[in-house]
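With the hints as extra help, turn the sequences into a complete structure.
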Amino acid sequence: MEITLTHYLVLAGLVFITGMVGFVVRRNALVMMMCIELMLCATNIVFAAFARLHGDGGGHVFVLMNFAVAASEAAIGLAILVEIYRRRRTVNVDDLKTLME
Amino acid sequence: MQSEILLRWIVLVPLLGAALNGLLNRRLSKQVAGLMACASVGVSFVLSVVVFLRLTGMEAENRLVQDTLGTWMQLGHFHVDLLFSMDQLGAVMALVVTGVGFLIHIYSLGYMAHDDGFQRYFAYLNLFIFAMMTLVLGGNLLMLFVGWEGVGLCSYLLIGFWFNEDANASAGKKAFIVNRIGDFGFLIGMFLIGTILLPHLNGDEGLFSFTVLREHAGLLAPSATAICLLLFVGATGKSAQIPLYIWLPDAMAGPTPVSALIHAATMVTAGVYMIARLNFLFVLSPTAMAVVAAVGGVTAIFAATIALAQNDIKKVLAYSTVSQLGYMMLACGVGAFSVGIFHVMTHAFFKALLFLGSGSVIHAMSNEQDMRVMGGLRSRLPVTYATFMAATLAIAGVFPFAGFFSKDEILWKAWSSGNTVLWAIGFLAAGLTAFYMMRLVVLTFFGENRASSEVRKHIHESPATMTIPLVVLAILSLVGGWIGWPHFMGGGGWFEQWLEPVFATGAQAGVHGAHTGAAALDVMVQNAQMNHAALETMHETGMEWTLAIISVLWAILGLVLGWFVYFKRAGIADAFKKAGGGFVYRLLLNKYYVDEAYDAAFIRPGYRLSRSVLWKGVDAGLIDGVLVNGSALVVYLLGSVLRLFQNGMIRFYAWTFTIGVAVFVLYLSFSS
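Taken in sequence, the protein lines are chains D and C.
Residue numbering for the first sequence is 3 to 103, as defined by the numbering used here.
Residue numbering for the second sequence is 67 to 738, as defined by the numbering used here.
Quick caveat, the hints were computed from the structure, so don't treat them as lab data.
Think of the CB as a built atom: it goes at the ideal place given N, C-alpha and C, for glycine as much as any other residue.
Misleading hints may appear alongside valid ones.
Derived pair list, reagent style SDA-like, types lysine to any residue, alpha-carbon separation capped at 25 Å [to be verified]:
(1) D:K99 to C:G714
(2) C:K381 to C:S738
(3) D:K99 to C:T722
(4) D:K99 to C:G705
(5) C:K682 to C:V707
(6) C:K239 to C:V650
(7) C:K634 to C:T486
(8) D:K99 to C:V707
(9) D:K99 to C:V212
Not everything, but these chain D residues come out facing chain C in the computed CB check (under 7 Å) [what the hints assert, rightly or not]:
(10) I19
(11) M22
(12) F25
(13) V26
(14) K99
If you want it as structure tokens, here you go:
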């Protein structure tokens, strides 16, 4: 069976929905961050697939840039989470709403 | 150096002194500060003399020096210049202001020697000289107005000089506010002039300059009455005439040299100067002239009666000043502008002397101002006493002191212009003047000293810095009037002759202007001509002699009566108070209850209005309630709705976000 664009897009969609649902239903901030990574990953797949389809290197550039964004986001997010955990002894986002007002 | 350039330095040197003293303040030692202040006024005086001498060298008709610093403002194709000009009138005023000002600066060195605010005091005093010189040398109405407001500011600053006492601060405020009421009239008068003249001027002429105003007096003739009355409202404020005189007696809260300089010799004559300067407008309106004369006459006698019963030495002199200013207004009102200015000058000498003398007395009496606890100072303060006597004789109008010449001339002009009632009022006031001045002298210098022994021990004659100006002013109070020695007594009337071009061409310009105005102005022309005729004294020598002799006798009678009532038979005044005169005495002592009447008629209603409507209604209700708190309330309500969406639950945000994106994507895919 030949692997077409549709396969890539379906895969990407599944990964994205997994990330999205995970982000919405889970309460653990660490897991939510991992879900964000999943969503970013899904977009990477779409970029790569279309780049391959059109023979255009621009998509790859975006993929690379996404890596960088994901890496920095993870670094900063984890740093914040560690700090929050030190102070509050929890990473449950439902408990973290002191900035509400 | 060119006279033109000198003119600006006459004005600017005192400003420089004020700036240095004001900015460096305590960093200067008292010696340096005082020396600098006196020197700057001295320089100004010397320069005035130099320019004055240049003026005397010119032809009588062309005596005018002008100095343009540049354009002040460009209004469309009109411009107002920073213009200083000195003609005969300006020269007289400049010499009086800087000359008397210089003497009072010297005097202040001694009087203020122990004061903490020494530098600040001299900064204000120099600033005042600057403003006053701008007023008298300003070449257009706007420059005059700048000086006009400037002297008002300095007056305020100096009345409230010892501002840590509440009474002084409120006296300053009173002076400022009352003056502002007058200035409002002045401003509207200027606007009126501007509105009428603007369509008729081409761009080359400096707007509001006196030469332009004089040339175009004809255009102003139809509205001359309104303009002159509005300007006169300004003059009543600055020159302390009824109904705006009330600030001047309270202004005595300032240091005594200030009372002498600002509230007797110079600033309060600004209104008289302004009327004399704009004589070509005033002669166009007989109504305005009549009002000026009447207000002047009534003020003269009104204030003189109040002065009869005051116990504070400075209050007596203050009301005396109001009364004398009334004489000047009376002179201007009957068309005798030069005589009005003559009285400005002689009054500057003897009234400055009276105030400085009273300052010397107050100094000796450890700051006591109540005459009831003075007395017997004649032997202890010989110089002060002698000079004070000279000033008293001068103000009473005894020949040959300065006051005789000017006051007699005013009364003669009132008589010869046919205003017999005004003459009678002025004559009566002259007698009262002599009487209350004698009362003041007797209570202060004669009899037994009534002070406490503590004060009595410290009585001493003032230092030389204070007595020398007294002596100089005493000499001026004697000889200062001689330059106006009238024709009928074999003199030359030089003073009047000197000023004649200013006022004669003024009257002619008025007549000429009225001619060019419109045919309907014939009445105006006649009136202007009549006023012009009044300027040219009718030489009824016999009548003049009679009136002069009567008025001297009248003055002496007043003096003798004062002597008799308060010294020889000292009980008479008290007996009068007991025997039914108590009502009159209280009325006079309380200044006809004018302050109380104003309080009830204007101040308290104004206060109530401010409190109930402006404060509670407009400020607290509208501005604070509706505008400030109202807009805050709107934002608060909006926020409390929006707050429901910000509950701090990240997963809720994520849901909304997801659903939002989903809806958006669906919309995009189905809409296309």
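Inset, instruction - Of all the hints given earlier, name the ones this structure violates by number, lowest first. - result: Checked against the structure, the hints that fail are numbers 2, 5, 6, 7, 9, 10, while the rest are satisfied.
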